[in-house]
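Colleague: Sequence:
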Amino acid sequence: MLSTYIELLQTLQNLYFDHFPLMYKLPFEIRRTKGNGIRLSKVKRRNDRVVSLFPAFIFASAVFLFIVATRLRTPLVARPMGDAKMWGWFVLGIACFSGLVFYTLWMLVYQSDAIFMCNEIFRWEEELRKDSSQTKHIPVKATLLEKTVLLGFKLLVWMYYFVTPIDAAVTTFLTVDPLLPFFEFVLNMIPQLRKLLLFFAFNSEALFYFAMFLVRVGCVTVFLYEGFRLAAFCIGLTILIGKVVVSYLSSVSRLTDTFQENIIQHGLWSHLKIYKVLPIIFQSLEAPMKSTASLAIVAGTVAVSGCTFVVIKLHAVNDVYMTGFCLGVSVSAVILTKIILDTLANLDETSVKVLLQFRRLEILQKMGEPERKIYLKELYYLKPIAIPVGLGTARFSRITNNVKTTILMFMLENSINLLLAF
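In terms of our numbering, the sequence shown has 511 at position 420, counting the first letter as 1, and numbering is strictly consecutive.
Source of the hints: derived by calculation from the structure; they are not laboratory data. Any given hint might turn out to be false.
To be verified - Simulated crosslink set (BS3-like; lysine-lysine; CA at most 27 angstroms straight-line): (1) Lys133 with Lys245; (2) Lys444 with Lys468; (3) Lys429 with Lys468.
Stated by the list, open to error - Computed beta-carbon distance windows for the label pairs: (4) Arg136 with Glu504: 27 to 33 angstroms; (5) Leu510 with Pro370: 27 to 33 angstroms; (6) Leu298 with Met500: 53 to 59 angstroms; (7) Ala407 with Val368: 55 to 61 angstroms; (8) Asn505 with Tyr412: 21 to 27 angstroms; (9) Arg214 with Asn505: 39 to 45 angstroms; (10) Leu167 with Gln283: 22 to 28 angstroms; (11) Asn505 with Phe293: 49 to 55 angstroms.
We put the beta carbon where it would ideally sit given N, CA and C, even for glycine.
Start from the sequences, fold in the hints, and give me the full structure.
Modeller: This is how it looks when you write it as structure tokens:
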């Protein structure tokens, strides 16, 4: 099953890394090893520091433009809360801010740590899978929903790559982009700039506005490409790592069954040491994990509730394209949130089962009293694997099955409350 996710990420990399229209890559990528494994590796680029800041600049500029465009449009509409375009800018602004934080945390600040720790997980999982290949192996199967979404997402990656320039042109033509109000504001504030640009346009208003249209299309195209590839890569990598960790734990469980007699008779407690690797890795990346999880929950809630409000409450005054766009965002956000939460909650569920397996009575009863005490003492300090949710030094919760349900209910409740409030 892991090969399906890897193939999807490689398709994404082939299009949006190796054949990206702007000819630059994100700071790291996935590569195949000789043993058919995978590793994260840092991308070697010219002017690496400058190029690394370019995606962050795009997202920061997008947040600024959405805020300015919303501020400029507010006095022009009778009911700002009923304006679908402003709702769209608000949702996209939150998404861009989240993308800026995610990119800064994982691809700039914690880049080296993330690459090293992920590679350790990949390496250990690969070795454990090989060691347990001679045991009775029950492969981890993808659910029907996951298979359907993976196939749809693979088609979406190919389709989006080719139609992005067309989408950018249509979006710009429909004046949905925030660049037009910003450009008009700047030109009205600086008349000399308008005269200078008109001079270069041979004093032709038509040529001037056509050139402005082309600039807007170019900017929107760059934003759509960058936003899609970062979101797709981060979501795909998150799901892949979750599946790899589950495979890691499953291999530990099978090896524990296989070498149970050695554990009892000779005190070979390698299974405990192997399990300890995961808590150490997750603890070392706890700070960015907490912030990322918290912001992702907020951004997902805003996207679902905001777009649902536009579809249900404002469909009568909306253009068809705006209603369709918001409906697509809302449905996609719910499906992806469900898949990601299922994957992350499965870490806790699987690790709890593995720890319970370590405490099985048949293992403990056959041990001598001294060995049992040492074994239980070692086992006492092992905790389940779960993604923390928090901010800074504070930890609010951990993503478990119960918390997963709470998060989904939180999104539903906020959507209903927003519909009832207006």
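Colleague: Of the hints given before, which are not true for this structure?
Modeller: 3, 4, 5
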